[in-house]
Structure formats: structure tokens, C-alpha cells
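When you get a sec, could you build the whole thing from the sequences and use the hints?
These protein sequences, in sequence, are chains A and B. In terms of our numbering, the first sequence opens at residue 364 and continues consecutively. In terms of our numbering, the second sequence opens at residue 73 and continues consecutively.
Derived from the structure by calculation, the hints contain no laboratory data. Keep in mind that this is a model prediction, so the values were computed, not measured. It cannot be assumed that every hint is accurate.
Restricting the straight-line Cα-Cα distance to at most 30 angstroms, the calculated cross-link-like pairs of lysine-lysine (DSS-like) are [what the hints assert, rightly or not]:
#, chain 1, residue 1, chain 2, residue 2
1, A, 689, A, 757
2, A, 512, B, 125
3, B, 233, A, 519
4, A, 512, A, 562
5, B, 275, B, 125
6, A, 434, A, 594
7, A, 689, A, 562
8, A, 689, A, 631
9, A, 434, A, 519
10, A, 512, B, 127
11, A, 434, A, 562
12, A, 519, B, 127
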Amino acid sequence: MAEKPIIEVDSLSKCYRLGQIGMTSLRDDLERLWDRLRNRGGNQPDTRTFWALRDVSFRLNQGQVLGVVGKNGAGKSTLLKLLSRITEPTSGHAILRGRVASLLEVGTGFHHDLTGRENIFLNGATLGMTKREITRKFDEIVAFSGVEKFIDTPVKRYSSGMTVRLGFAVAAHLEPEILIVDEVLAVGDADFQRKCIGKMKDVASGGRTVLFVSHNMASIVNLCTRAIFLKGGQLVGEGTPEEIVGQYMSDTLTATSEEVFTGETPRKGSGQVRFTDARLDFSDSPAKVGYHIGDRFVLEFGLQVNSDRAGLLSLAVELATAEGLKLTNMVDRDSGFQVDSPLPGLYRFRVELPDLRLYPDRYTVGLFVGTLNGSVCYDYLPEALTFDVVEGGKVAIRHLPTSAGHVYLVPQWSYSHAK
Amino acid sequence: MNPSTDTPISDPAQPASEVVIRASDSLFHFDWRGLWRYRDLLFLLVRRDFLAKYKQTVLGPIWFVVQPLATTLIFTIVFSRIANISTDGIPAPIFYLTGLLVWNYFQTAFAGVAGSLLANAGVFGKVFFPRLIPSLATTVSAVISVVIQCVTWVAVYLMIKASHPEPDSFGITPYALFFPLLLVHAAALAMGFGLLMASVTAKYRDLSFTMGFILQAWLYLTPVIYPLSSVPERWQWLAAINPMTAVVESCRAILLGESVLTAQMFAVSLGMTVFVLLAGILLFNRVQRTFVDIL
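In C-alpha cells:
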């Protein structure tokens with residue numbers, strides 16, 4: 364038998380009538396009907412429609428892990444909802460050849476008065492398991508969740524972390540042919556996240572097919588074998604995770620690794636000296652779309668000196684997290700570097716950090732130029748560039764969640780026997 | 073101990089089932105096989121309903137005993153003693169208690185099914201399983217309280233029979249064995265009307281406030297607190313088109329041996345039940361497909 368794709372999606376579309384989202388009351392509808400009856404003839408159709416998903420088609424073979432990327436509102440959730448049969452498409456169709464389990468939320472339908480044990484059965488059955496399957500895997504589920512001691516305690520006495528762990532444990536043991544996952548990895552502590560990622564890898568390597576939606580580009584590159592890119596409800600890209608993540612990054616323009624600064628760039632300063640442009644060089648990095656830990660960080664920028672009275676300059680490069688937490692302020696003279704009273708003109712600078720030691724996340728680069736004593740700021744761009752540190756690389760030998768830190772330090776360890 | 077170990081349940085390693093997702097064009101397409109596949113969930117939901125009720129309330133299952141007795145007491149004082157409404161020569165408490173046996177079941181199941189879409193909206197938005205399952209679970213778990221009420225009924229029946237001056241003027245008939253079938257009849261009605269109501273309230277949330285009124289009016293239109301025999305001749309047809317009339321009257325017929333119900337009236341009720349149930353399933357099936365979109 365020829366291998367048929369396990370998931371076939373053909374011009375799947377979903378249209379929402381805008382007035383339909385949210386509750387309607389009978390009164391609203393009667394009023395609308397009354398309005399329509401009064402200006403008979405003016406029978407214009409309700410044009411306030413919104414295509415959450417339009418003509419999306421793709422195929423997925425067994426054992427592939429498909430990452431779905433896209434901004435909020437691009438149609439990712441709608442796609443998952445349709446494939447999970449939570450709602451019906453407006454047109455088009457999809458064929459899923461195999462048992463489907465979808466994990467759009469962890470612990471759906473937990474009843475707080477029931478014990479952990481009772482909830483495992485209920486939740487498992489809600490997700491489509493038979494009672495026999497749950498009985499068979501019960502011990503495994505409990506062990507995976509790590510709540511053995513509280514298994515006969517009502518779930519309402521659980522901490523939120525325990526509830527999540529129990530919920531994921533049930534879902535992780537579904538053993539479907541097709542698994543649909545929506546960013547459940549974003550929950551739980553670092554240790555549990557690692558467990559989840561491990562489990563997802565197991566599922567994929569066990570020949571099952573996974574459809575995975577995430578905002579975390581690192582997990583897309585890490586876990587997926589293929590990826591699609593949704594934008595405005597349409598499929599605009601399909602390829603390897605690296606290609607698609609690259610397309611997504613360059614498309615969304617949130618990671619601007621190259622920028623020419625204009626008057627519209629958010630900046631401060633008196634303007635005698637101005638940054639003209641800046642770029643980060645990833646060409647040596649295997650990650651291509653960003654850096655890995657341990658890669659050579661290369662920043663180049665242009666500096667336009669407009670005044671011959673600028674004097675001695677002080678240059679600085681700031682690194683901060685996307686949330687705005689400042690991590691470092693690298694000042695030129697700390698490296699023993701000094702620009703002597705430059706004449707007006709354009710200068711090019713190159714700043715290299717041989718071994719970038721930041722956890723996988725998104726970071727911003729800030730640029731500063733001022734007088735040597737810091738009393739006058741000529742130009743300051745707090746968010747000149749943004750870049751990603753992507754999971755993986757030669758240095759990272761374990762999963763590095765940013766919940767655990769941002770700076771990767773490698774001290775020397777030693778020990779002695781203290782009796 | 074564990075029933076699942078010896079019950080033949082479909083092999084989890086069943087051959088890959090093919091799921092086709094498309095906009096349903098046929099009104100009559102209904103996924104019966106999917107419903108069957110989730111039977112374990114139905115069972116677990118029934119268990120949950122019972123356990124949750126049992127654990128939540130202070131009185132627990134005692135409530136199932138107290139509630140119909142209290143209602144019977146009130147009916148006896150108000151309708152029999154004060155308003156002097158006939159009970160066809162049957163002692164008032166057992167007359168009301170018998171009617172309430174099926175009426176309470178119908179009321180609980182109807183309200184439960186009618187509220188099932190909104191009550192489970194959160195879960196429905198996150199995971200797929202046949203949307204009919206919670207409604208079925210409500211209908212089934214309501215039977216548990218009927219079983220407890222039956223015990224109460226037997227106790228009250230024996231007490232009244234023992235203290236009655238003419239104990240042979242009323243009495244249980246062999247047809248009482250058909251009582252479970254009567255419950256199925258009531259369950260089908262509750263499902264049918266409940267699903268219709270659930271479908272309508274899914275779109276028009278404000279209509280759910282009418283449930284209380286509907287149930288109250290329906291109680292008075294059904295011969296629970298009066299016998300069908302006391303309904304004037306020219307209003308009999310009105311009583312007959314209420315499908316619950318036949319259910320309540322048959323219940324009294326088989327348990328107390330009292331009724332003026334005709335076979336014709338029963339047939340009308342049966343026909344209506346089938347019709348309402350089918351209509352309910354069809355409309356519900358239509359609404360549930362995209363129900364989460366209008367949340």
C-alpha cells in the first residue's frame with residue numbers, strides 16, 4: 364500500500380461573522396430583523412465577516428513533526444481547533460488518518476472535588492482514552508506526574524504546578540497516531556519543561572506525527588522536522604524549521620539584525636554625533652537566524668560625526684532582554700579602546716565578543732555615544748537592534764530555559780572529601 | 073473489582089481510523105460511532121456526577137430522600153387539605169409521591185440537558201468529544217436519585233397501606249415491572265426537550281432564564297397534583313398533547329392501580345416523544361458543530 368500522508372489539509376477555511384462572536388440575545392436578533400423588515404429592499408448581506416483561516420493546504424507524513432509559526436491572530440489556534448474537531452470549517456476539508464489527541468490545554472475538565480486518581484480516569488476519557496487503557500497506564504501516569512503521595516487527595520488541594528503536571532502526565536500517555544499540541548510547554552518549572560520536551564521527542568521518534576504550535580522559535584527548530592508559516596489566516600511558507608523560522612523572523616521584523624537609522628528611530632541625544640546604521644553578523648553562526656551560546660557576537664555600526672567640536676568620545680553597547688532587563692553595558696574604555704577627537708565624517712566600527720554567553724531568548728542591543736565624561740549624550744538608541752539566541756550549539760549541553768537565568772557562566776569546580 | 077478488566081473494550085491498537093473534517097452539508101449526518109467510542113467517558117461522567125454530588129453536599133444522598141418527602145408534605149397541606157383538590161380516593165401523600173417519582177426525574181434531566189452546552193462550554197472549547205455525552209450522562213445520573221426515591225416510595229407506600237381503613241382500594245399492580253420503561257420514556261422526553269432548549273439557549277443566552285418558569289408551568293399542566301380524571305371533558309385533549317401526562321398517569325396506574333388514561337393517549341405521548349427526541353438531536357447536532365464560535 365502506498366504511503367498516504369497521515370494529515371491532508373485541503374483549502375481549509377474558517378470564516379467568522381463578526382457579529383456572531385460573543386453572545387447574542389434574542390432581543391438583538393429581533394431588533395436586527397425589525398430593522399431589515401423596515402427597510403425592505405435594502406437586503407444587503409452582513410459583510411462583517413472575518414476569515415480566520417483561508418485556503419490553507421498542506422500534507423504531513425507519518426513521523427513528521429510540524430511546527431506552526433505565526434503571530435497572534437495569524438490563524439494558528441483556528442487551525443488547531445479545526446483539526447481537533449472543536450469547531451467545523453466553513454469550507455475545505457482535512458483528512459486525519461489515525462487517532463488524534465489534541466492538547467490545547469492541560470487538565471481540561473478536572474473536577475476539583477474529585478481525587479487525583481478519579482481525575483486521571485475522567486481526564487483520560489475526555490481525551491479519548493478507554494478505561495482499560497487508562498488502567499493499564501495508570502502507574503506510569505502517576506509516576507510521570509510526580510504526585511504519588513497525593514493521588515487520593517482532592518485536586519482542589521493541589522498546587523497549580525501539581526495540577527499542570529498531572530494534566531500533562533495524562534496527555535503524555537495518550538499514545539495517539541497524531542498529536543496536536545499548543546504551547547503547553549510554556550507551563551511548569553524548568554525541570555518539568557525538560558521532561559515535557561523529552562516526552563514530545565519520544566512521541567515523535569516513536570513514529571507518531573506531531574503538530575506543534577509555538578511562539579518559541581527555539582523549540583520549533585529543536586523539535587520539528589517541518590514547519591509552516593501562517594500570516595493573516597493564510598499559509599505563506601512551508602519548509603524546514605530553519606527556513607520557516609528565518610522567514611518568520613525576517614517577516615515579522617521583530618528581530619531586526621540590520622537597521623539603517625532615521626529620524627523616526629526612537630533615539631535621544633544632542634545629535635553632534637549620530638549612529639547611521641548597525642548590523643549583527645550571524646554568518647559564522649550555525650544558527651543562521653541568530654546566535655547559539657558560545658558563538659562569536661559581531662556587531663558593526665556606522666557613526667557620523669557632524670561637529671568638529673565633539674571632543675573625546677565614549678561609546679557603549681548595551682544588551683538587554685526583550686522584556687527590558689538590562690544585562691550589560693559594554694563601554695569602550697573597559698576594553699582599553701578610545702576614539703580621539705574625530706574629525707567630521709563617517710566612521711565604521713566593529714565590536715566583537717568571541718564567546719556570547721546568553722541563554723536562548725530574544726535580546727535587544729542599545730547603542731550609546733557621548734562625551735568621555737558622560738555629561739553630554741550625543742546619541743542613544745535604546746533598541747537599535749534585536750537578535751535571538753537560539754537553543755543549541757556547541758556549548759549548550761542541556762536545555763537552558765530563561766526562567767532559570769540569562770547568563771551562562773562556566774566556573775571551575777572542585778571538591779574535597781571533608782570526612 | 074475493576075469492571076474494565078473483564079469487559080470487552082475495543083482494542084486501543086485498533087486500525088487507524090480516518091477522520092474527515094469538513095463543513096457538514098447534511099442535516100441528518102450524525103456520528104453514532106463516535107458516540108459509542110466514548111462510552112467509557114459517559115460512564116465516568118455519571119460516576120463523577122454522583123461522587124461530586126455526594127461529596128459536595130453536607131447531607132449527601134439524604135437529600136434525595138428528604139426532598140421528595142418535603143415536597144409531598146407541602147403538596148398534601150396546600151393542595152389536598154387547603155385547596156381540597158381531589159386525589160381520586162387515593163391517600164394524598166402516596167398520590168403525590170408517586171407522581172413526583174417520575175416528574176422529579178423528568179425535571180432534573182430536562183434542566184440538566186438544557187444547561188449542558190453552556191455548563192460544559194469551557195471543556196468543549198478545548199477538547200473534542202461527542203457533545204451529546206454530557207447530556208446523556210446527566211440523564212443517566214439522574215436515575216440514581218430515582219432509585220433512592222423508589223426506596224422512600226416503598227416505605228411510605230407500606231406505611232400508608234398498613235394504616236389505611238380500606239387497604240384494598242388502591243395497590244401496586246404487576247405492571248409495576250414496566251416502571252423502568254416508563255423512566256426510559258421520561259428520559260427520552262427530557263433529552264428531546266432538553267436538547268431543543270440547549271440549542272436555543274446556546275444562541276440566545278437570555279432564554280435560559282425562562283427555564284424556571286417553563287418547569288413550573290409544566291408541573292401545573294401535568295396531572296401531578298391532580299388526577300387526569302378531574303380534568304373536564306373538553307380540556308382532556310389539552311392534557312393529552314402534553315406528553316408528560318401519559319408518563320405521570322401511567323406511573324400511578326401501575327403503582328397505585330388508578331388512572332383514566334387511554335391507550336390512545338399513551339400512543340400520542342409515545343409518538344410525540346419520538347418526534348421531540350429526533351427533533352432535539354437534529355437541532356442539537358446542527359448547533360454543536362460551531363457552538364464554540366458563538367461563545
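Now the hints, each set against the structure:
| no. | hint | result |
| --- | --- | --- |
| 1 | A:689 / A:757 | holds (26 angstroms) |
| 2 | A:512 / B:125 | holds (25 angstroms) |
| 3 | B:233 / A:519 | violated (48 angstroms) |
| 4 | A:512 / A:562 | holds (23 angstroms) |
| 5 | B:275 / B:125 | holds (29 angstroms) |
| 6 | A:434 / A:594 | holds (7 angstroms) |
| 7 | A:689 / A:562 | violated (34 angstroms) |
| 8 | A:689 / A:631 | holds (18 angstroms) |
| 9 | A:434 / A:519 | violated (35 angstroms) |
| 10 | A:512 / B:127 | holds (21 angstroms) |
| 11 | A:434 / A:562 | holds (26 angstroms) |
| 12 | A:519 / B:127 | holds (13 angstroms) |
Consistency note: the structure conflicts with the earlier hints numbered 3, 7, 9.
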